[in-house]
Amino acid sequence: MNAVVAGQAPAKTDEVELATFYLGDALMGVPIEQVEEINHHLDLTPVPRAPACVRGVMNLRGEVVTVIDLRTVLGLGPAAVDRRTCNVVVRSRGEQIGILADRVGDVVCARQSAIERPPANVAGADGRFFRGVFKLEHGLLIVLDVEQVLAVDAYPPS
Amino acid sequence: MDEREIISDFVIESREHLADIENQLLAIEAAGADMDLELVNTVFRAVHSIKGAAGFLGFTTVGQLAHDLENVLNLVRNRQLVPDATVTDVLLRSADKLRAMIEDIDHSNGLDVSEHVTALQKIVTGLLAEPIAPPAALPPDTAPEAPAGSDREAARPSEAAEAAADSTAPPTSPAPVAPAAAATRQPRPGTAKATGSTHGAAGAVPGATPITESNVRVPVTVLDQLMNLAGELVLSRNQLLQTVSSADHAALGSVSARVNQVTSELQETIMQTRLQPIGTVFGRFPRVVRDLSNTLGKQCQLTIEGQEVELDKSIIEAVGDPLTHLVRNAVDHGLETPEARVRAGKPAAGTVALRAFHQAGKVNIQISDDGRGIDAARLKEKAVAKGLLTPEQARVMSDREALLLIFRPGFSMAEKVTEVSGRGVGMDVVKTNIERLGGTVTIDTGPGAGTTIHVKLPLTLAIIPSLVVRCAGRRYAIPQASIRELVRVKASEAATRIERVKQAEVFRLRGALLPLVRLDRALGLEQPQEAAAAKAANIIVVEAGHLRYGLIVDGLCDSEEIVVKPLGRHMKGCACLAGATILGDGRVALILDIAGIASHCQLAIPEEDAADGPAADSVQETQTLLLFSNHPAEHFGVPMELVARLERVRTDRIDSVGGQQVLQYRGGTLPLLSLEQHVTCKARAEAAKVYVVVFAAAQREVGLLVPEILDIRSVPTQIDTLTFREPGIAGSIVFEGMTVRLVDLHEISRKAHPDWYDSQPVPQSPANAVPRVLVVEDSDFFRKQLAGFFEAEGFEVQEAEDGAAAWNALAEAETRFDLVVTDIEMPNMNGLELARRIRDDGRLGDLPIVAVTSLAGDDEIQRGREVGINEYHVKLDREQLMAAAARLLKAQARRALAGSSA
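Line order of the protein sequences matches chains A and B. Residues 1358 to 1515 (our numbering) are what the first sequence spells out, left to right. Residues 7 to 908 (our numbering) are what the second sequence spells out, left to right.
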């Protein structure tokens, strides 16, 4: 059990690798240790009477995996699925969960100490979903708090 | 290995040590002075190991209790003490406490065990006070084994000091121990830290997580088998990859067959690793029964059969509490006091029998007692008193329905609420829990004749048979266990047969109102066009608890065995869903929760409306038939009551073994019959898939191969028993222009497998060597069927075509009958009149009467009861009928016995 919770990277290196993806023009990232895989597997079965943020369930190599619509979580309305839409599969509390994003980005290496507190009102959404922002050469990378995004209680059933 | 793992191992090991301690202690008690010393040693060693490890790990309270327990056991071992009931009680209670502490080991040091310690020490000192007994020295072998060197060891009172305390100042001995326990409450830094770090890494739930519950012991042979299968799977995969790349279609077929076979075997073997004997649950009952009968002042013998029957681990774990409740009920409510039993002519000691056995791919568990039985009339009084029923409802309620009252929430069977049971939170929970496991509970009882509760459970939960249905373009799975039947209503009839009662849709199914739920609406799905009324409706009749309703779906896909997968945490609030599964095409289908849908839709049984509906307008008797054809030109029918269910299978799954056709099916073998082999008819055409009509015969399931199902229809019972009569064909009817021959399923199964019918137990008759039954029925067809049922069970049958003929037969009979089975609606003299005459006759007065009827309205049942009919059953419900016959004969025999001894 040496999975590292985001923001608690081994102190000696101070480096954190972030898997990134786009939501519109916004670049977002999650610590790569939390990501199991990123795929374009979008054959979803919708779940009746599930919370609005649940896009459906899918078969990922024999496991039934919940797929969350990140746009809905962030209050941006449901995502339009196209061929670039990607599914970022993370492991959270022993469960595999997919997070839908618009398209996949690169892996970015960031220094822990360079991650700043998020400015209020990033991407027009609630700040509690963000761990911080990291300045890249060409813009900002928003570091997501996966656990907050997946917090169940925050979304009453639709 | 960190400390957490060591503790977890300790817990697992201690659990195993304590697993059988109750029965061992009880066996020691039962043997008295002739006790098996090896058994005592086993218990002693188990407790001793726990003591040693607990001391090493700093669980001082566990260590202390184990120590005192060990002291008493040592006396027993040295033959200085023969445990009587009191001593055994103390030992049992201490073992319970020990177990409870081990289950919550992290908090064990904070618990107070002084009560148990004092009681144990009293036993030791009480014995020491007797001058003959030598001083209770500690067993010499404990000293070297005692964990040494642990820094926490000092906090624990040393054994020598304790031993000294034992012999010098016994009554106050808990005193020196208590502060020691308090002192050790904190110093477990190692454990605390370990917990903390696990918590941090996994982000798990705060607090102490349950330590285990995820261990299974697997025989090495099974592991070897798994390894072999895994090897074969790898080989098959390689073959598959090769074949696919070479695009060799012919070879692909054989490779896929191989993969198929290996996968099934793998599945089966893995399932085996999860199987555990039910004995692990049964093992606790001797103790339960002993304690309970002591408390209640009853005498009770417990017999256990079928301990070795295996069930899935998860079911074993879940079924313990419901079974315990049933066993307690049997002792508390079922058995009478010894005095009452003797008065009733029974032996003073009652018997509770537990029996587990496999049948038809399910595990059956029976809990029976030979006690007072359940009195339906009293149940009704009670329900009225509690306001669960109106007096009017109670009046028209049949006995069988009344028995179901005990499964209602808030209903307690006990006359007075005892400490033991009767808190009114019992049977409803039992039923719900067992149904949640995919099982069923039924009751078989009669006043004075004892009670038998039948529990049927599936072998495993992980894979369940289910029906896949279509709704709003998606597929959903419904567990077969909740499905009672399927009904298709034609588009032309949908408007008239689906009625509306106060906004709710209902369907009239054989005279009863069935509430309907449209699945798309229940799930909040939008359908493209609202043309539901114009379409044919597929109604799936499902049952959840005591609620039966119809689920309207768009279409039926297939009957499949599905692997149940849990839904993620975001869907915990979805009451309508029980889980998900992956279908053959790799897509996910959701599994419906039948009880959840009912409560989501706030379904209730439309009781008031059922009474004033146009139910009783059809006086003509009808019979529901499953119509099918074997060859397109020839039509056949079987009574629906005899059909357990329908399956659709691929013909290549049917094996031919020794000239007989069988289907590998739900973990067992289903023998199959082909119609053309047993009756005169054209052979069925070869097809890729066939239906299998599954029915019960000779206490097993049998399948009849049927290429095409035509319909399920209610038809009049004017049956021609002459024209087409031959063995296997009971008669024929002309229906909507076609001639339908009625297949006698029992006759053809008897023809095909005469050996099945050889060794059937014949019910005992008090008066005759062979029990005699009089079958009274005006319809030739039904009379022949009924007579056939009874003959098959070993009865001597006399037939009568109406009440008058029956009355003559009874009057002229040289030997008396044991049972009368009669129809109600008959010319000349009807069944009610016949029953009245029998009851008024001094000689025949107590002859048991069973009424069979195809329209058992509550009013009619009530009238029947007033004239003295014992039981009502649906015509052709063979199993129920035979159970009733056996029950009534048994009660009769008991009465005869009581009468002769009085």
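Bear in mind the hints are in silico, worked out from the structure with no lab data behind them. A hint or two may mislead.
Computed beta-carbon distance windows for the label pairs [claimed, not checked]: (1) A:Q1505 to B:L229: 39 to 45 Å; (2) B:T675 to A:D1400: 45 to 51 Å; (3) B:A694 to A:D1400: 49 to 55 Å; (4) B:D118 to A:L1433: 55 to 61 Å; (5) A:D1400 to B:E567: 19 to 25 Å.
The beta-carbon is built from N, C-alpha and C at its ideal position, and this holds for glycine as well.
Inset, instruction - Kindly indicate which numbered hints from before are broken by the structure, ordering the numbers from low to high. - result: 2 and 3
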